[in-house]
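Okay, here's what each chain looks like letter by letter:
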Amino acid sequence: MSVIETADLRKRYGPIEALKGVSLRVEKGQIYGLLGQNGAGKTTLIKVLLGIVKLTDGRASLLDAPAGAVEVRRRVGYLPEDHAFPGYHTGYSLMDYYGALYGVPAAERAKKIPDTLELVGIAGRMHSKIKTYSKGMKQRLGIAQALMHDPELIILDEPTDGVDPMGRKEIRDLMGQLKAKGHTIFLNSHLLGEVELICDRVAILHKGVVVREGTIDELTKTKGTYVLGLMSGQTFPADAVAQLGFPVRPLPDTAGHFEVTLVEGKTIEPVMKLLAERGLTVVHIVEKKQSLEDVFMKTVESAEPGVDRKQRRRGARPVGGEN
Amino acid sequence: MQQFFAILKDSYREAVDGFVIYVMLGLALVVALIVGSITFTPDPAPRAVAVIVSKFTAVFPDKGKSKAFTAVAQHPVKYSAENAESGTDGTVKFVLDVAPERAAVVDKKDGFRYAVFTWSKPAGEKFKNPFGDGKAKGGEERRFEIVLPPEATAADLAAVTDDDMAGFLKSQFAAFVGVTEADVSAKRVAGVAEPSYRFEVELKRATTARGWPQTLDVFFRQVSLGDDWELGQTVFKIENGLVGWIGGTGTLVISVIITAFFIPNMLRKGSIDLLISKPIGRTQLLVYKYIGGLVFISIITSFTITLVWIAISFRAGYWDPTFLLTIPTLLLAFAILYALSTAVAVFTRSAIASILITIAFMFGLFIVGQAKTFFDVNRVFQVAKVPDWAYTLVDTLHAILPRYKDLDRLTSKLLIETNLPSGEARTSGIGLIDYPSWGMTIGVSLAFIVVMLALSCWKLNKRDN
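From first to last, the protein sequence lines stand for chains R and U. Quick note: the first sequence uses numbering that gives the first Met the number 0, first residue 0, plus one each step. Quick note: the second sequence uses numbering that gives the first Met the number 0, first residue 0, plus one each step.
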């Protein structure tokens, strides 16, 4: 069963097309990351899924129901970006209010609220007014309210925004625990390192279009580039390696290291054999890796910045949240 | 229902978060305390009876059953009861002397017999538009009737019996003191030459009745406001002042201000997304929030009105629950304004815009109501020359806009009927002119509320939040 499925999803705000045919599929139990610059359409996509904004064209479903259906929202937890909790509530009363809106019975709320707040680390302040909370505490409260009704799907829009490094790790661990319990998490984050650490699959959204999608391994997979270094005083036979058909280049600012890129269907073995035949001693060999950040930067670096909120306001009513 | 109560509770939390609510409750307590500090002391019987009998120039035909009264001042009569005495049980006994005030100004009729004759006959010709040219102008005809004094021949007056006279006095005292006719006994004393008369009168439960004049003190007898304050009339003035003036304007304005923040806060960026992502429809969300505001104000209103009612009933000595009916009336007036405030908030997301527009609208409704009242009177009396289109405009506005002013008038009428002795109520004019109907007033107002909420829901459902 697909937890989230979109097909050729389009959303237009006046003259601005925020989503231009987005097709995604999120399976049960996955942590799915959505990456993109400001204005790429990430939050719009989430809002369409939840029925907060209406899609212009295409199809979107959530837990096998049309996106935005009221009843399906009972099975979804959502933490919006830039959330604003009413300051007159305490952490406890807010959870009680939202829990009641989710239809959680009062007795169950009384039990779950302290447990959930404990899980996110703010149980000690649950009876304090929210207006006295720090940004990080509000963020933790936001996560708690998205979890308390034990939803099948949890949609988190920048969940670690404003949270300190320790807190971020705790939230990452929490997401791991939720995944282990079978929850599906749809994560929208600017923090690429974080996404790389916890997501099973990632989509990169750029100007309303999914430009890359796959597992972390699939996205960070390189064509096979090695950095080789020889014993001091030995010369790397770059010409000979090139004659074998491998692109090769010296690496600047290194002690005579060379970068050798594998060609389709070949391994590094012929190069190693050539070096051995010439009596050269390899003291450094590392397979060069690509981080998710590299992938993201390469994907979007040549593109123009996305549409910002101010531009979109001129064409349509504000929608709230970053996109 | 769980969601409904959750939103009600949230509205309550939001309202009690500020200081205004505590100011309102504090003011309610202060008002109740001031009202509770009022002391009514029955005026001495001679003075009180003199005040009561001074109203006997108004006579109610059909043996007191007529809603309209007839003025018999053209044959003035002087009533005096200087020997009146009151007992501890509120019973007042006196000898009532009746004599011509001065020479009868019209055909030297016996003024007392004429008053009794008028009282004993069915209501005479009802005269429409007595002060104009006989035709109502400016559209629909309005009712303004008085009962013309009957023609009486010497034989008619001679036919008035002692029993008629006693019956007349019982009816008049009952009507103006606010007791039943069974509480009044009147017997003619022989030996007084006509056109003077003497009667032995006894009034039971008189000094605590609503028409009995009182000496009024406030602040627990620290300040005296003098005598001749009729109990029911005074209670009416206090209640009507609180509901119609402080309640109808001051409290409503404060209520509008408090609740004007509810919807814009809910629609705030970062807040509405959280709510819409919950399994609740937008229409439900808005309507529940609207009802939340109403419930909150109804709690304050009920608290204030009940407190004042307890204080004034305790002081006045009679517990008439009709005043409590002003709670739903005030709530309906607030519901009208809050529906508009909600619509403005949904369209503008601005609490300030909601407050300003709603108060301007409230003022506009007041103006339309005042204009309508004036034009209705002007149709009869023609005191000002008004073009027909102005009548049409005011009538149309009055027809389509919520009946804010009418609610005020109907509430006043209710309080008059409740507190004033029947004679006082009838001479106040409530039986002479047309009042708007409760059904139409409530119906048009509810229709306005439904239209405002429907517009708000349409807008909220239509917009991308």
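Since the hints were made in silico from the structure, they are not lab data. Just so you know, not all the hints are guaranteed correct.
Stated by the list, open to error - Straight-line alpha carbon distances no greater than 30 Å define the calculated DSSO-like cross-link-like pairs of lysine-lysine that follow:
id: 1; chain 1: U; residue 1: Lys458; chain 2: R; residue 2: Lys19
id: 2; chain 1: U; residue 1: Lys268; chain 2: R; residue 2: Lys130
id: 3; chain 1: U; residue 1: Lys458; chain 2: R; residue 2: Lys168
id: 4; chain 1: R; residue 1: Lys53; chain 2: U; residue 2: Lys461
id: 5; chain 1: U; residue 1: Lys66; chain 2: R; residue 2: Lys137
id: 6; chain 1: U; residue 1: Lys268; chain 2: U; residue 2: Lys64
id: 7; chain 1: R; residue 1: Lys19; chain 2: U; residue 2: Lys461
id: 8; chain 1: R; residue 1: Lys134; chain 2: U; residue 2: Lys412
Structure-based check of all given hints:
no. : hint                : verdict
1   : U:Lys458 x R:Lys19  : holds (26 Å)
2   : U:Lys268 x R:Lys130 : holds (17 Å)
3   : U:Lys458 x R:Lys168 : violated (42 Å)
4   : R:Lys53 x U:Lys461  : holds (9 Å)
5   : U:Lys66 x R:Lys137  : violated (68 Å)
6   : U:Lys268 x U:Lys64  : violated (65 Å)
7   : R:Lys19 x U:Lys461  : holds (22 Å)
8   : R:Lys134 x U:Lys412 : violated (57 Å)
In this structure, the hints that do not hold are numbers 3, 5, 6 and 8, in rising order.
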